[in-house]
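There are 2 protein chains.
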Amino acid sequence: MTPERLSRIRSVLDQRQPDLTVITEEVQKGRNLSAIIRTCDAVGIPEVHSVVPREGFTSYNGTAASAHKWVDIHHYSTALEPITALTQQGYQIVAAHVDRNAKDFREIDYTKPTALLMGAEIWGVSEPARELVTHTIHLPMVGMIESYNVSVACAGILLEAQRQRQEKGLYSGPRLNKDRYDALFFRWAHP
Amino acid sequence: MTPERLSRIRSVLDQRQPDLTVITEEVQKGRNLSAIIRTCDAVGIPEVHSVVPREGFTSYNGTAASAHKWVDIHHYSTALEPITALTQQGYQIVAAHVDRNAKDFREIDYTKPTALLMGAEIWGVSEPARELVTHTIHLPMVGMIESYNVSVACAGILLEAQRQRQEKGLYSGPRLNKDRYDALFFRWAHP
Ligand SMILES: C[S@@+](CC[C@H](N)C(=O)[O-])C[C@H]1O[C@@H](n2cnc3c(N)ncnc32)[C@H](O)[C@@H]1O
Ligand SMILES: C[S@@+](CC[C@H](N)C(=O)[O-])C[C@H]1O[C@@H](n2cnc3c(N)ncnc32)[C@H](O)[C@@H]1O
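As you go down the protein sequences, you meet chains A and B in turn.
The letter at position 173 of the first sequence is residue 194 when you use this note's numbering, and the numbering goes up by one with no holes.
The letter at position 65 of the second sequence is residue 86 when you use this note's numbering, and the numbering goes up by one with no holes.
To be clear, the hints were calculated from the coordinates, so they are not data collected in a lab.
Since the list gives no way to pick one copy over another, a pair counts as held whenever it fits inside one copy or between any two copies.
Lysine to any residue pairs mimicking SDA-like chemistry, simulated, CA-CA at most 25 Å apart:
hint	residue 1	residue 2
1	Lys199	Met165
2	Lys90	Trp209
3	Lys50	Phe78
4	Lys50	Glu142
5	Lys90	His211
6	Lys90	Trp144
7	Lys50	Lys90
8	Lys189	Leu34
9	Lys124	Gln187
10	Lys90	Gly145
11	Lys124	Ser28
12	Lys133	Arg184
13	Lys90	Val119
14	Lys50	Thr79
15	Lys90	Asp120
16	Lys124	Gly194
17	Lys50	His118
18	Lys90	Ser168
Produce the complete structure using the sequences and hints provided.
Structure follows, in structure tokens:
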């Protein structure tokens with residue numbers, strides 16, 4: 022491992038946001054999930070909570086698959102599990118839902134501990150899950166098609182979260198606790 | 022055609038932005054191009070300029086393909102053609118490129134006539150094309166992976182363009198010229 026590589030790993034770990042995460046509820050296409058994970062890595066999200074679709078994931082082996090190495094993924098059978106657990110840990114749960122009456126996505130304060138809930142390609146976020154969330158948000162659209170691709174919608178929201186956190190200085194010093202930081206450093210630096 | 026459908030078509034045409042467009046330079050995966058077109062529809066972009074990859078597009082038949090109905094696509098063999106033509110029409114050409122030294126994407130004024138140039142999955146924006154552009158921009162990333170998926174990067178930038186244009190009132194009244202408006206209305210309302 023070169024010194025450049027080690028310093029790159031440190032710089033990435035220094036900017037990881039332990040209090041920002043994504044829950045995917047039955048997002049089914051492997052390539053959409055991989056694109057979401059790639060975006061999570063890019064904005065500093067260390068772990069993702071993924072509810073396994075009833076019919077299983079469609080497989081995918083593209084470039085984005087390599088992002089799985091840098092973001093930890095936890096699997097669940099329903100969205101209620103991660104929503105309940107994260108709510109107990111003090112997170113606001115923000116559901117992205119195709120609903121013009123929902124809040125505009127830029128109105129949310131993403132500098133708070135936040136879990137962003139994204140819905141399935143076909144069904145969207147389930148009703149039982151929506152009943153448990155803190156906020157429901159939407160991205161305004163002015164076209165004929167009624168929704169964004171799920172990985173596109175997720176990125177739109179996460180870039181806003183990144184902007185707010187940048188402005189508030191949340192990328193300016195290590196925020197992972199020491200044990201977590203060291204464990205990740207060990208894993209990434211000694212493959 | 023129901024009255025609701027007709028009034029939806031009018032509302033979409035009323036918000037089309039004739040002076041905002043995207044050029045894709047050899048974006049090869051059909052699903053990426055389709056996701057880009059779906060996002061264009063969503064932010065009100067009426068046409069896209071697509072440079073055909075040397076090895077052809079990989080085919081794609083997903084949901085997003087239906088967006089092709091609402092956005093016109095022009096094909097070219099090199100990026101120089103649409104860049105030159107749009108420059109002559111007074112557009113600024115903004116290349117999205119994976120380069121930390123490029124301007125932050127939020128620094129650009131997207132309320133001016135703007136063509137956003139997106140690069141190929143593997144090669145990015147070509148050097149000859151980069152020499153012809155007005156600005157080169159990047160989306161800051163803090164992760165291990167070096168780039169975003171091209172449709173994700175495109176959406177990140179277009180949502181910022183939409184935000185700026187909303188703020189400036191560019192979605193508040195019809196901006197297509199009458200002939201164009203009527204031709205699209207006729208086509209969409211009489212399938
Ligand atoms: C393709 S959409 C689901 C469409 C589904 N027919 C519906 O109406 O819920 C997949 C997911 O992407 C997200 N999404 C897509 N477009 C969105 C928008 N405009 N606002 C908020 N979330 C959106 C949501 O999380 C949604 O569940
Ligand atoms: C997968 S990237 C290309 C990666 C290629 N290896 C390179 O370095 O150019 C495909 C396209 O997405 C856009 N893109 C991806 N990430 C970007 C970023 N962080 N900033 C600006 N554009 C980006 C650019 O248009 C790029 O050409």
